[in-house]
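Engineer: First to last, the protein sequences are chains A and F.
The opening position of the first sequence corresponds to residue 760 in this note's numbering, with each subsequent residue numbered one higher.
The opening position of the second sequence corresponds to residue 760 in this note's numbering, with each subsequent residue numbered one higher.
Derived from the structure by calculation, the hints contain no laboratory data.
Note that the structure is predicted; figures quoted are calculated from it, not measured.
A few of these clues could be false.
Which copy is meant is left open, because identical chains are indistinguishable; a pair holds if it fits in one copy or across any two.
[Unchecked claim] Straight-line distance between alpha carbons at most 20 Å, and here's what the computed SDA-like set of lysine to any residue pairs gives:
hint: 1; residue 1: 816; residue 2: 830
hint: 2; residue 1: 825; residue 2: 850
hint: 3; residue 1: 843; residue 2: 824
hint: 4; residue 1: 773; residue 2: 801
hint: 5; residue 1: 816; residue 2: 800
hint: 6; residue 1: 825; residue 2: 787
This is what each chain is made of:
Protein chains: 2
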Amino acid sequence: MSDEKDNVIFVGKKAFMNYVSGVVMQFTTQEADEIVVKARGNNISRAVDVALISSTKFLDNQIEVKDIQIDLEDLENKNQKPVKVSTIEITLVKKK
Amino acid sequence: MSDEKDNVIFVGKKAFMNYVSGVVMQFTTQEADEIVVKARGNNISRAVDVALISSTKFLDNQIEVKDIQIDLEDLENKNQKPVKVSTIEITLVKKK
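Bound-form chain A, shown alone (with noise of 0.2 Å):
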């Protein structure tokens, strides 16, 4: 998974509204079509908190759910051994 990308927002431990008013921006101030928020582990129930509440709250009528995926990614801990995590992609839309 990268966060590299503009339309990209890889939900972390940062403060809850940070990422919600990312994905508002993006669609208000920088006009994107598409965002994809992205998030593993713990921060995946985040991830669909600020997919629901930037749609439903503060973008209501404007933007939904188009796809929602789900996946494991192999990463590697402390000690460099390997474990898998769960990880979450919702792809959130202008409507048409």
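Please build the complex by placing chain F on the supplied structure of chain A, with the hints as guidance.
Structural biologist: For chain F alone, coordinates are given in the frame of chain A:
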């Protein structure tokens, strides 16, 4: 969300493997064709783990993710105040 139906696994705070074995058992001994893994709030991350570990580690090539829905549900907190909580429903199906 109801967890009364046989083909629903509602993921809460029990030990993780309880839910995984619940999914695996229903597909094997109960011969279910479809299971819905549901969760609310912080348990959403666990529900994703349950769905992915069941489908890749235990029933690899036998079941797959058919659909994922996320929504906001209206609940009441302890003080009878209305609160919105995120929910997820992951539908797993036997591969044809």
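Engineer: Is it within, between, both, or neither for residue 825 and residue 787, if the alpha carbons may be no more than 20 Å apart?
Structural biologist: within (18 Å within a copy, 32 Å between copies)
Engineer: First find the shortest C-alpha distance between residue 843 and residue 824 inside one copy, then the shortest across copies, and answer within, between, both or neither for a cut-off of 20 Å.
Structural biologist: between (26 Å within a copy, 18 Å between copies)
Engineer: For the identical chains here, do residue 816 and residue 830 meet the 20 Å Cα criterion within one copy, between copies, both, or neither?
Structural biologist: between (28 Å within a copy, 12 Å between copies)
Engineer: If the cutoff is 20 Å on CA atoms, where do residue 773 and residue 801 land: within, between, both or neither? Let me know, please.
Structural biologist: both (13 Å within a copy, 16 Å between copies)
Engineer: One pair to classify: residue 816 and residue 800, alpha carbons no more than 20 Å apart. Within, between, both, or neither?
Structural biologist: between (25 Å within a copy, 17 Å between copies)
Engineer: My question is about residue 825 and residue 850: at a cut-off of 20 Å on alpha-carbon distance, are they close within one copy, between copies, both, or neither?
Structural biologist: Both, since 5 Å and 17 Å are each at most 20 Å.
Checked against the numbered hints listed earlier, the structure breaks none of them; every hint is satisfied.
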